[in-house]
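Heads up: the sequence lines are chains A and Y, in that order.
Residue numbers for the first sequence follow our numbering, beginning at 795 and rising by one.
Residue numbers for the second sequence follow our numbering, beginning at 6 and rising by one.
Read the hints as simulated data drawn from the structure, not as lab findings.
Using N, Cα and C, we set each Cβ at its ideal position, and we do this for glycine too.
One should not assume that every hint holds.
[Claimed, not checked] The calculated lysine-lysine pairs, modelled on DSS-like cross-linking and capped at a C-alpha distance of 30 Å, are:
#, chain 1, residue 1, chain 2, residue 2
1, A, K909, Y, K83
2, A, K942, Y, K36
3, A, K890, Y, K83
4, A, K909, Y, K75
5, A, K942, Y, K35
6, A, K909, Y, K89
7, A, K942, Y, K40
8, Y, K112, A, K920
9, Y, K56, A, K815
10, A, K909, Y, K34
11, A, K942, Y, K89
12, A, K909, Y, K56
13, A, K920, Y, K34
14, A, K909, Y, K35
15, Y, K36, A, K909
16, A, K879, Y, K89
17, Y, K83, A, K920
18, Y, K56, Y, K35
19, A, K920, Y, K89
[Said to hold, decoys possible] Here are the simulated distance ranges between beta carbons:
#, chain 1, residue 1, chain 2, residue 2, range
20, Y, E95, A, S837, 32 to 42 Å
21, A, T814, Y, G48, 30 to 40 Å
22, A, S922, Y, L50, 16 to 26 Å
23, A, P813, Y, D62, 46 to 56 Å
24, A, T835, Y, E52, 33 to 43 Å
25, Y, E60, A, L848, 28 to 38 Å
26, A, E943, Y, L50, 11 to 21 Å
27, A, S798, Y, L55, 38 to 48 Å
28, Y, E38, A, T833, 44 to 54 Å
29, A, N905, Y, D73, 28 to 38 Å
30, A, L848, Y, N51, 16 to 26 Å
31, Y, F102, A, Q884, 26 to 36 Å
32, A, E943, Y, V114, 37 to 47 Å
33, A, E901, Y, E60, 34 to 44 Å
[Unchecked claim] For the chain Y half of the interface with chain A, some residues (derived, Cβ under 8 Å), not all of them:
#, residue
34, P15
35, T16
36, A19
37, Y22
38, M23
39, E26
40, K27
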Amino acid sequence: MHISEIINENLICLELMSPTKHSVIFELVQILEQENVITSTKSFLEDVIERENLSSTGIGYGIAIPHAKSRFVKKPALVFGRSEKGIDFQSMDHEKAYLFFMIAMPEEGSNAHLKILAELSRKLMKESFRDALMHADSKKEVLAYLIKET
Amino acid sequence: MKIVAVTACPTGIAHTYMAEEKLIEAAQKKKIEIKVETNGAIGILNELSLKDIKEADAVIIASDISLDLKRFHQKKLKIVSTTKAIRETESILEEAFQDLFPIYLDKDVT
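Start from the sequences and build out the full structure, keeping to the hints where you can.
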């Protein structure tokens, strides 16, 4: 099982338009909708916001990972979005978030998929990986970095 | 010095493993031996044995959910959120290194 099974170029957006936390979550959810990943945009959105209300998934380092395990998800997927200007995501370090990883997991996610996401989470802690994603010029390049073994 | 840690978060798919990675990376830099148990959606990985816990000089609980801490009764222990464990890893380890964690007494252990 490989990360390429949950992300493709259609699930990557290098120019997020949203100026606020709420709107960027909506923008990312819409990408999932277009790719036919979720059964209800509204309900999945609610699940993501419910998780977000527990504590912001803006973890600092310019990263936010809004996510939900939800019955409105048909298949596991990952959206990668990047914002040029950065967005206030109520992150712990009070810095803006630039890199967004929206994770959609079905209620009964397989261990294989969960392991891919665990591996991605670990990679995100590496500055070189974040820098590479920050400066990638194309979707292809982003995919290549995501797929690359560390 | 040896540290054991447990990481956990509400969904169990991201923060648990970010905190794990940061704790291991920062401990290696400080030449501190560490074992991190992840309590995520995959289930428990790298489970701490009684021996691990017994040998540990300090325990770090990086969790956003409530965990049963009985097995850490009378250990020097600090509880932080995963975000804090990710953001302030170095200072948490330094506190452990300086032996500043309080002793945890579990109310259910007599």
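Against the structure, the hints:
Distance restraint check for K909 (chain A) and K83 (chain Y): the Cα-Cα separation of roughly 27 Å lies within the 30 Å cut-off, and the hinted pair is therefore satisfied. Distance check on the hinted pair: K942 (chain A) and K36 (chain Y) sit about 28 Å apart at the alpha-carbon level, within 30 Å; holds. Straight-line distance between C-alpha atoms of K890 (chain A) and K83 (chain Y) comes to about 29 Å, which keeps the hinted pair within the 30 Å bound. Among the hinted pairs, K909 (chain A) with K75 (chain Y) is consistent with the structure: their alpha-carbon atoms are about 28 Å apart, no more than 30 Å.
Restraint check for K942 (chain A) and K35 (chain Y): the C-alpha separation of about 28 Å stays at or below 30 Å, so the hint holds. Between K909 (chain A) and K89 (chain Y) the CA atoms are separated by roughly 23 Å; this keeps the pair inside 30 Å, and the hint holds. Distance check on the hinted pair: K942 (chain A) and K40 (chain Y) sit about 26 Å apart at the alpha-carbon level, within 30 Å; holds. With a C-alpha separation of about 39 Å, the suggested pairing of K112 (chain Y) with K920 (chain A) is violated against the 30 Å cut-off.
With a C-alpha separation of about 45 Å, the suggested pair K56 (chain Y) and K815 (chain A) falls outside the 30 Å cut-off, and the hint is violated. As the CA atoms of K909 (chain A) and K34 (chain Y) are separated by approximately 26 Å, the hinted pair is consistent with the 30 Å bound. Between K942 (chain A) and K89 (chain Y), the direct Cα distance comes to roughly 28 Å. Compliance with the 30 Å bound is thereby established for this hinted pair. As the CA atoms of K909 (chain A) and K56 (chain Y) are separated by approximately 27 Å, the hinted pair is consistent with the 30 Å bound.
Distance hint between K920 (chain A) and K34 (chain Y) is fulfilled; the C-alpha atoms sit about 14 Å from each other, no more than 30 Å. Taken as a hint, the K909 (chain A) and K35 (chain Y) pair is honoured in the structure, with Cα atoms around 28 Å apart against an allowance of 30 Å. At roughly 28 Å between alpha-carbon atoms, K36 (chain Y) and K909 (chain A) fall within 30 Å of each other, so this suggested pair holds. Between K879 (chain A) and K89 (chain Y), the direct Cα distance comes to roughly 25 Å. Compliance with the 30 Å bound is thereby established for this hinted pair.
Among the hinted pairs, K83 (chain Y) with K920 (chain A) is consistent with the structure: their alpha-carbon atoms are about 25 Å apart, no more than 30 Å. Annotation: proposed proximity of K56 (chain Y) to K35 (chain Y) holds, straight-line Cα distance about 23 Å (limit 30 Å). Distance restraint check for K920 (chain A) and K89 (chain Y): the Cα-Cα separation of roughly 17 Å lies within the 30 Å cut-off, and the hinted pair is therefore satisfied. Distance hint for E95 (chain Y) and S837 (chain A): a CB-CB separation of about 41 Å, consistent with the stated range 32 to 42 Å.
Between T814 (chain A) and G48 (chain Y) the beta carbons are some 36 Å apart, a value that agrees with the proposed interval 30 to 40 Å. Against the hinted window of 16 to 26 Å, the Cβ-Cβ separation of S922 (chain A) and L50 (chain Y) comes to about 25 Å, which satisfies the hint. Range check, P813 (chain A) to D62 (chain Y): about 48 Å between beta-carbon atoms, so the 46 to 56 Å window is met. Between T835 (chain A) and E52 (chain Y) the beta carbon distance is about 39 Å. The supplied range of 33 to 43 Å therefore holds.
Our hint of 28 to 38 Å for E60 (chain Y) and L848 (chain A) holds, since their Cβ atoms are close to 34 Å apart. Distance hint check: the CB atoms of E943 (chain A) and L50 (chain Y) are about 19 Å apart, consistent with the given range 11 to 21 Å. Checking the proposed 38 to 48 Å range against S798 (chain A) and L55 (chain Y) shows it holds: the Cβ atoms sit about 41 Å from each other. At roughly 47 Å, the beta carbons of E38 (chain Y) and T833 (chain A) sit within the given window of 44 to 54 Å.
Between N905 (chain A) and D73 (chain Y), the C-beta spacing of about 23 Å breaks the proposed range 28 to 38 Å. A hinted range of 16 to 26 Å for the beta carbons of L848 (chain A) and N51 (chain Y) is consistent with their spacing of about 25 Å. The hinted window of 26 to 36 Å between F102 (chain Y) and Q884 (chain A) holds, with their beta carbons roughly 31 Å apart. With their beta carbons about 44 Å apart, E943 (chain A) and V114 (chain Y) fall inside the hinted range of 37 to 47 Å.
At about 39 Å, the beta-carbon gap between E901 (chain A) and E60 (chain Y) stays in the expected band of 34 to 44 Å. Because the closest C-beta pair between P15 (chain Y) and chain A is about 6 Å apart, less than 8 Å, the hint holds. Among the interface hints, the one on T16 (chain Y) holds; its C-beta lies about 5 Å from the nearest C-beta in chain A, closer than the 8 Å criterion. Because the smallest distance between the Cβ of A19 (chain Y) and any Cβ of chain A comes to about 5 Å, under 8 Å, the interface hint for this residue holds.
Taking 8 Å as the C-beta contact cut-off toward chain A, the hint placing Y22 (chain Y) at the interface holds, the least distance being around 4 Å. Annotation: M23 (chain Y) was flagged as interfacial toward chain A, and the flag holds, the nearest CB pair being 5 Å apart, inside 8 Å. With its C-beta approaching chain A no nearer than about 4 Å, E26 (chain Y) sits inside the 8 Å limit, and its interface hint holds. The beta carbon of K27 (chain Y) comes within 5 Å of a beta carbon in chain A, closer than 8 Å, and the hint placing it at the interface holds.
Hints 8, 9, 29 from the list above are not met by this structure, while the remaining hints are.
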